[in-house]
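Number of protein chains: 2
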Amino acid sequence: MSENNSESIKDNFIEKILNPKSICVFGANNNLMTTMGSMQLRNIIAGGGFNGNIFPVHPRLEKVQGIKAYQSIFDIPIIPDLAFIILPTRIVPQVMEECGQKGVKNLIITSGGFRESGSDGIELSKQIDEIAKKYNMRFIGPNCLGIYNGWYGYPDKKNAYFNTFWIYLPHKRGNISIISQSGTVAAQTAFHTNDLGIKIGKSISVGNERNIDLVDVLKYLKNDPLTDVIGLYIEEIKQGRQFIKLVKEITPKKPIVAIYAGGTKAAARSIMSHTGSISADSKIYEAVFKETGIISTNSIMDFLYYLRTLSQAQSYNIFPRGNRIGIITDSGGPGAMMTKTAELYGLEVPEFSQELQSEIKKYIPKTASSVNPVDITFHENFMNMFIKFPKLLMKSHEIDAVIVFGVYDFDDIMNVIEKSGMKLDENMKNMREVFETMVPKSIKSLMKKYSIPVFFAGPYPYRYPWMQKFVEHDLPIFSMWDDITKCFNILCRYAEYRNKLS
Amino acid sequence: MSENNSESIKDNFIEKILNPKSICVFGANNNLMTTMGSMQLRNIIAGGGFNGNIFPVHPRLEKVQGIKAYQSIFDIPIIPDLAFIILPTRIVPQVMEECGQKGVKNLIITSGGFRESGSDGIELSKQIDEIAKKYNMRFIGPNCLGIYNGWYGYPDKKNAYFNTFWIYLPHKRGNISIISQSGTVAAQTAFHTNDLGIKIGKSISVGNERNIDLVDVLKYLKNDPLTDVIGLYIEEIKQGRQFIKLVKEITPKKPIVAIYAGGTKAAARSIMSHTGSISADSKIYEAVFKETGIISTNSIMDFLYYLRTLSQAQSYNIFPRGNRIGIITDSGGPGAMMTKTAELYGLEVPEFSQELQSEIKKYIPKTASSVNPVDITFHENFMNMFIKFPKLLMKSHEIDAVIVFGVYDFDDIMNVIEKSGMKLDENMKNMREVFETMVPKSIKSLMKKYSIPVFFAGPYPYRYPWMQKFVEHDLPIFSMWDDITKCFNILCRYAEYRNKLS
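Going down the list, the sequences are from chains P and X.
Numbering-wise, the first sequence is residues 49 to 550 according to this note's numbering.
Numbering-wise, the second sequence is residues 49 to 550 according to this note's numbering.
Hints are computed from structural coordinates only; laboratory data are not their basis.
Watch out, some of these pointers could steer you wrong.
No copy is singled out in the list; a pair is fine if it fits within one copy or between any two copies.
Using 20 Å as the maximum straight-line C-alpha spacing, the simulated SDA-like pairs for lysine to any residue come out as follows [to be verified]:
hint, residue 1, residue 2
1, Lys467, Gly114
2, Lys313, Gln402
3, Lys414, Arg317
4, Lys534, Ser347
5, Lys497, Met185
6, Lys409, Ser165
7, Lys489, Ser70
8, Lys270, Ser550
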C-alpha cells in the first residue's frame with residue numbers, strides 16, 4: 049500500500065464520516081425497544097471510541113441513556129464532526145438547516161419517507177439537497193441505517209468501533225467492506241458473519257443516495273488500505289458510466305461481489321417502494337458485471353460465502369493456478385456429491401497418479417479408496433487427515449485446491465463417551481491442544497508454500513465449538529459440503545480474471 | 049390409514065429389522081473412540097428400548113460397555129431377532145454362518161471391503177449371498193452404517209429409539225423416512241435436522257444393497273403409516289423397472305425428494321469406490337425423476353429443506369392452490385430479493401388490491417409500503433406482523449402463501465437493552481409468554497382454515513432461542529431469506545403434481 053494513498057484518504061469525506069471524533073444524535077431517547085434511534089445511540093455508545101464526545105439532542109430530556117442531552121444543537125459546546133438524524137421526515141430539513149448554521153459538515157440521515165414515498169417525499173428530498181448545497185454539507189441517506197466502521201480511529205484506537213445500525217452485534221472486523229442499498233444486508237448479516245468468520249471492516253448503508261452514492265463510496269474504498277474485498281447490494285446505479293470505469297480499475301486488485309435485486313416486474317415495484325429506485329433489466333446488469341469482473345449472485349448466503357473466500361485469498365495471498373480439486377474425506381457420499389457439483393461447475397477432480405496413490409495407501413485401511421476422492425473411511429488418526437494428506441496432495445502438483453471433509457466436534461464426541469461411563473486416554477484428552485498447536489500453523493504454511501487453498505468441512509452447524517476453532521484461526525470451514533465447490537469455483541474464476549489482466 | 053396396512057406391515061422383514069426385541073453385536077469393545085462398532089453399540093444402548101436384550105459377542109472381554117459379553121453366539125441364551133456385524137471383512141462369512149446355525153434371520157452388516165474393493169471383495173460378496181440363501185436370512189449392507197428408527201417399538205414403547213449409526217445424536221422423530229446409499233446422508237445430517245426441526249422417523253443406510261435394496265425398503269415405506277415423506281440418496285438403482293412402477297404409486301400420496309450423486313465422469317469413479325455401483329448418465333435419472341414425480345436436487349441442504357417443507361405440508365395437510373406469494377417484511381432488501389427469486393422460479397408476487405392495501409395501511413407508518421411486499425419498516429407491534437397481517441392476506445384470497453420476514457430474538461435484544469442499563473417495561477418482558485400463547489396456535493388454525501402456508505424468517509442462525517421457538521412449534525422458520533421461495537416453489541410443484549393425479 050503506498051503511503052500516498054493512506055495520506056490522501058484521511059481527507060476523504062467518507063473517511064471523515066466513518067471516523068468522526070464527535071457526534072450529535074437527533075431522535076434518540078431512553079426507550080430502546082420502541083424507537084430505532086434509541087437503539088442506534090445505544091450502539092454508538094457501545095462502540096467505546098468517542099471519549100465522551102457524544103451529544104444527544106432532545107427537546108425535553110436532561111439525559112439520554114446516561115449522557116447529558118442538549119435542547120438544541122446550538123447548546124452543544126463544540127461543532128460536532130458528524131450529525132446523526134433519525135427523526136420524523138418533516139422535521140429533517142429544519143434540523144439540517146440548524147446543523148448547517150452550527151457548522152456541521154457531515155451527516156447521516158436515517159429517516160425514511162423521502163423519494164420512496166411519493167410526491168411529498170420528492171419535494172422534501174429537494175429541500176434537503178438545497179440545504180446541503182447551501183452549507184456545503186455531505187450526507188449519507190436518507191432512508192438508510194447508517195454505517196459500521198470496525199476500524200474506527202485505527203490505528204490510534206485499538207479496539208473501538210463505530211456502529212450506527214440498530215442491530216447491536218458488530219461485525220468482526222477484517223478486510224471486507226460492504227456498500228448496500230439495503231440496511232438489512234449491511235447490518236443484520238452480522239449474526240451470520242460472526243458465526244462464519246466473515247470479517248467485515250466497514251459496512252455502509254447508503255439508502256436513497258441523495259447526496260453520497262455507490263460511486264462515491266467505491267472511490268473511497270478503492271484507495272482504502274484496510275479494504276481488500278468489496279460487497280455490493282444494488283437496487284440501482286445512478287452514475288452508470290462512472291461506475292463501470294471505476295469498477296474496472298478496482299476488480300483486478302480488489303474483488304467485488306454483488307447482488308442485484310432488480311430485474312423482474314414485481315422486484316421493480318418492490319424496489320420503488322424501498323429506496324425509490326428505478327431498476328433495470330437483469331440482462332443489462334449481468335452484462336455490466338461480466339464486463340467489469342464483478343462476481344454476482346441472487347443469494348445472500350452465497351454473497352457472504354464468496355466474500356469470505358475472497359477475503360481469505362487476499363489475506364493469505366493464495367490464488368489457485370488451476371481448477372483441479374483433491375478431495376480427502378471419511379465418507380463416500382459427500383465425496384461423490386462434491387465431485388459431481390465440481391464437475392457441473394466445470395472444475396476437475398482428476399484421478400491421482402499411481403505414485404501419489406501408493407503414497408496415500410500407506411496410511412489408509414485396505415477397504416479405503418485412494419483414487420480421488422480419497423475416502424479413508426472410519427479412522428482415528430486425524431492428523432493424517434488434517435495435515436499429512438493435504439501435504440501429500442500439495443507436493444504432488446496434481447491439484448490446485450484441497451478439500452478435507454471430516455471435521456468433527458471432538459469435544460462433543462468425548463463428552464458423549466465420558467457420559468456413557470467410558471474412559472478416555474490421555475492422547476484423546478490432548479486432542480484439542482495438539483490440534484491447536486499443530487493444524488492451523490502447518491496448514492497455513494503449506495497453503496502459502498504451494499499457493500494452494502485448503503477447505504475444511506464437517507457435518508455440524510457452525511455453532512459447534514470445533515467448527516468455531518477453524519473460524520478463530522481464519523481457516524475456511526464449511527458446514528456440510530454444498531458450498532465448498534461453489535466457493536472454489538468463484539475463486540478460480542476470479543484468479544483467472546486477475547491473471548489475465550496482470 | 050387402513051388397518052390392513054398397519055397389520056400387514058408387522059410381518060414385513062424391514063419392519064422386523066427396524067424393531068428387533070433382541071440384538072447381538074459383533075465387533076464392539078470398550079474403546080469408543082477408535083472402533084466404530086463400539087460407538088455403534090453405545091448408541092444402541094442409549095436408545096433405551098431393549099430391556100436388557102443386547103448381547104455383545106467378544107472373544108476375550110467379559111463385559112462390553114457394562115453389558116455381559118458372550119464368547120460365541122452359541123452361548124447367548126435366546127435366538128436374537130437381529131445380528132449386528134461390524135468386523136474385519138474376512139471374518140464376516142464365518143460369523144454369518146454361525147448366525148445362520150443359531151437361527152438368526154435378520155442381520156445388519158456394517159463392515160466394508162466387499163464389492164467396492166475389487167475382485168476379492170466380489171468373491172466375499174458371493175459368499176455372503178450364499179450363506180443368506182442357505183439359512184433364509186435377510187440383511188442390510190454390507191458397507192453401510194445401519195439404521196435409525198425413532199419409532200422403535202411404537203406405540204408400546206413411548207420414547208425409545210434404535211440407532212446403530214456411530215453418530216450419537218438421534219434425529220428428532222417425525223413423518224420423514226430416508227433411504228440412503230450413503231451413511232453420512234442417513235446419519236450425520238442429524239446435527240442439522242435437530243437444529244432445523246426436520247423430523248426424521250426412520251433412516252436406513254443401505255450400503256452395497258447386496259440383499260436388501262432401495263426397492264425393498266420403498267415397498268415397506270409405501271405402506272408404513274408412520275411415513276409421509278421419503279428422502280432418497282442414490283448412487284445407482286438396481287431394479288430400474290420396479291423402482292419406476294413403485295415410485296409412481298408412492299409419489300401421489302407420499303412425496304419423494306432425491307439426490308442422485310452420479311452422472312459425471314469423476315463422480316462415477318468416486319461412486320465405484322464408495323458403494324461399488326455403476327452410475328449412469330444424469331439425463332436418464334432426470335427423466336426418471338420427472339416421470340415419477342420425484343423432486344430432485346444436488347444439494348444436501350436443499351434436500352433437507354424440501355423434506356421439511358413437505359413434511360409440514362403433510363402433517364398440516366396444507367397444499368397451496370396456486371403460486372401467488374404475499375410478503376410481509378420490516379426490511380426492503382430481503383423483500384426485493386425474495387420477490388426476485390420468486391419470479392425467477394416462476395412464482396408470482398402480485399400487487400395487492402386497493403381494498404387490501406387500505407386495510408393494511410391502517411396499521412403501518414406513513415413511510416411504510418402496502419403494495420406487496422408489505423414493508424412495515426421499524427416497528428414495535430410484532431403481533432401485527434405475526435398474526436394480523438398474515439390473516440388479512442389470507443382472508444383476501446389474493447395470495448396462496450405468506451412469507452413473514454421479521455423474526456428477531458427478543459430475548460437477545462432485551463438482554464442487550466438491560467445490560468446497557470435501560471429499563472424494560474412489563475409488556476416487553478411478557479413478550480415471550482404472549483408469543484407462546486398466541487402465535488403458534490393462531491397461525492396454525494389460520495393455515496388450516498385457508499389452506500395457506502405461512503413461512504417465517506429472521507436474520508439469525510438457527511441456534512438462536514427465538515428461531516428455536518418456531519422449530520419447537522413445528523412452524524416453518526428460515527434463517528435469512530434464500531431458502532423460502534425455493535421451498536415454496538417445490539411445494540407448489542408437488543401440489544400441482546398431486547392435484548393432476550387425484
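Going through the hints against the structure:
In this assembly of identical chains, the alpha carbons of Lys467 and Gly114 lie at most 20 Å apart only when taken from different copies (13 Å versus 48 Å within one copy). Proximity of Lys313 and Gln402 under a CA criterion of 20 Å is satisfied inter-copy only: 19 Å between copies versus 56 Å inside one chain copy. Only between protomers do Lys414 and Arg317 lie at most 20 Å apart by alpha-carbon distance; the minimum there is 18 Å, versus 61 Å within a single protomer. Both within a single protomer and between protomers do Lys534 and Ser347 lie at most 20 Å apart by alpha-carbon distance, with minima of 12 Å and 11 Å respectively.
In the homo-oligomer, the alpha carbons of Lys497 and Met185 never lie at most 20 Å apart, since the shortest distance is 50 Å inside one protomer and 56 Å across protomers. Taking CA atoms no more than 20 Å apart as the test, Lys409 paired with Ser165 passes between copies only; the shortest distance there is 13 Å, against 67 Å inside one copy. Neither within a single protomer nor between protomers do Lys489 and Ser70 lie at most 20 Å apart by alpha-carbon distance, with minima of 42 Å and 49 Å respectively. In the homo-oligomer, the alpha carbons of Lys270 and Ser550 lie at most 20 Å apart inside one protomer (17 Å), although the nearest pairing across protomers, at 60 Å, exceeds that limit.
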